[in-house]
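Following the hints, position chain B against chain A.
Same order as they appear, the protein sequences are chains A and B. Using numbering that gives the first Met the number 0, the first residue of the first sequence is number 0, and each one after it goes up by one. Using numbering that gives the first Met the number 0, the first residue of the second sequence is number 0, and each one after it goes up by one.
Just so you know, these hints were derived from the structure itself, not from any lab. Computed from a predicted model, the values in this text were never measured in an experiment. There's no promise every hint is true.
Not everything, but these chain B residues come out facing chain A in the computed CB check (under 10 angstroms) [stated by the list, open to error]: (1) Leu26; (2) Gly55; (3) Phe62; (4) Thr63; (5) Ala77.
Where is the CB? At the ideal position from N, CA and C, for every residue including glycine.
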Amino acid sequence: MADTGEGQLIGPQSHQDDDSWVDDDKQLLPELVAHLRKHRTQLRQEWVQRIELERLLSAMTPQEVHSETTSVYDNYVEVLETGNVEALRSYARDLSERIIPRGVETHEVVGIVLLLRDVLARSLFQKYASDLTMLDHVLDAYEPSANRIANTVAVSFVDERERVIRQQQDAIRELSTPVLQVRERLLILPIIGVLDAERARQLTEQLLAGIRTHRAKVVVIDTTGVPDVDASVANHLVQTVDASRLMGASVIITGLSSKIAQTLVTIGVDLSKMHTIGDLQGGIEEAERLLGFTVIRRSDPAPVLEEG
Amino acid sequence: MRRFQQALVERIGTDRCRGVIIDVAALDVLDSYGAHTLGTLGEMARLRGAETVIVGVSPEIAFTMVRLGMSIAHVHTALDLEQGLQVLAELTSSRP
Chain A
0 MADTGEGQLI
10 GPQSHQDDDS
20 WVDDDKQLLP
30 ELVAHLRKHR
40 TQLRQEWVQR
50 IELERLLSAM
60 TPQEVHSETT
70 SVYDNYVEVL
80 ETGNVEALRS
90 YARDLSERII
100 PRGVETHEVV
110 GIVLLLRDVL
120 ARSLFQKYAS
130 DLTMLDHVLD
140 AYEPSANRIA
150 NTVAVSFVDE
160 RERVIRQQQD
170 AIRELSTPVL
180 QVRERLLILP
190 IIGVLDAERA
200 RQLTEQLLAG
210 IRTHRAKVVV
220 IDTTGVPDVD
230 ASVANHLVQT
240 VDASRLMGAS
250 VIITGLSSKI
260 AQTLVTIGVD
270 LSKMHTIGDL
280 QGGIEEAERL
290 LGFTVIRRSD
300 PAPVLEEG
Chain B
0 MRRFQQALVE
10 RIGTDRCRGV
20 IIDVAALDVL
30 DSYGAHTLGT
40 LGEMARLRGA
50 ETVIVGVSPE
60 IAFTMVRLGM
70 SIAHVHTALD
80 LEQGLQVLAE
90 LTSSRP
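For reference, chain B alone in the conformation it holds in the complex:
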């Protein structure tokens, strides 16, 4: 998870990207550490100038996360990749 975090933040710099989509549809479980990492990842990406959208959260994961009090407040969420791209397009187009 840490390596993933580091690699992503570096790539944001090298590719000059404006948005990041993280698809978690294939995840069966997400523990509090994972959720926390996603949150900090979003925050870090934002500091580097990119918006993060998390897509593909399953009903089970969504409710477990909420019940355990985990929040990923800094990131946007969307149902799937298609809608995630749409959200990202709206977000990036509103910026100069």
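Pulled out of the complex, with its shape left as it was, chain A reads as follows:
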């Protein structure tokens, strides 16, 4: 692909040698691109050397670096030629998707793009060293495009990163509020960690949906792992209890910390319907009583593995 481009674009370049350069930057870009295509192998080599020197992309093998740099180079030159940032953006996203799991850091990606920009600029300096006015014009054409490319790549990389982070956050959130069935019609909802507004909302959603799917009659919400909540979350908790009651399930709250208890009494909601019990064990026992279960210890306990 680069070779054919080279052949076609040699025309304007030789034309240039006739010293009939045009003021228009648009005319200069194709010439510039032709130059970069012509010296593709050499410039790319130079670039890779610089990358190695700066110890970037250390997480990748030399072969990978070779193939990635080749495609980045070609894309870079192509965008210089067409100015089509959209294509570059999707390529950068692709690239990020491939290299982020390999542990490539943001500074490396930005670093290699800036290095390439530097390498190419140097080559342009060399080429037009004799003609400073010409060099000025070439740089006027080259710099904005190069900056735009560097910008696009960096933004795409960070975007991709943020997308991965968001995905993981969703996954964590999904896992953070499990609704577990421990007996017929008895659900347990252990909450561990900080309960913020978003998580409280999700908790309510999952609990109410869980009540419906498991046909629960009693729900034990265990807040042993929650050190503190703010007033709005405490209020939300009370609302959740009320909503569960509307769905026909009674809620037992266990393990309320002293701080949460203080918050609950200060927000001034009606707590008379809140059924609370000190610890999770007591809560489960109470729930079993409500459901009519009795747990009886057999006279001969089952042998523990270590003993048998």
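Frame of chain A; chain B shown alone:
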């Protein structure tokens, strides 16, 4: 809603019924007026000698009602018709 309320209270008298189950499972939304009506309906039925159980409240309705501060304190609630009947059986059997 008003007509429904009136008809129900009359039927409680004519049928000498002891319990009422209102199934709201098919409701998509319940506004504050609707919730209020359900509440007064329960109260009226109680005065006429019947217990009211509301069944089939969906998660969305349940939470909207609570968030808007609507309460149907005078009525009992149950997950579905089956459990509603059970609740009603317990309620009526405990009475003489």
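So, going through the hints one by one against the coordinates:
1. Because the closest C-beta pair between Leu26 (chain B) and chain A is about 12 angstroms apart, greater than 10 angstroms, the hint is violated.
2. Hint status for Gly55 (chain B): holds, given a least beta-carbon distance of 9 angstroms to chain A, under 10 angstroms.
3. Hint status for Phe62 (chain B) relative to chain A: holds, with the closest Cβ pair at about 5 angstroms, below 10 angstroms.
4. With a cut of 10 angstroms, the hint placing Thr63 (chain B) at the interface with chain A holds, because the nearest CB-to-CB distance is about 9 angstroms.
5. About 4 angstroms separates the beta-carbon of Ala77 (chain B) from the nearest beta-carbon of chain A, less than 10 angstroms, and the hint is met.
The structure fails to meet hint 1 from the earlier list, while all remaining hints are met.
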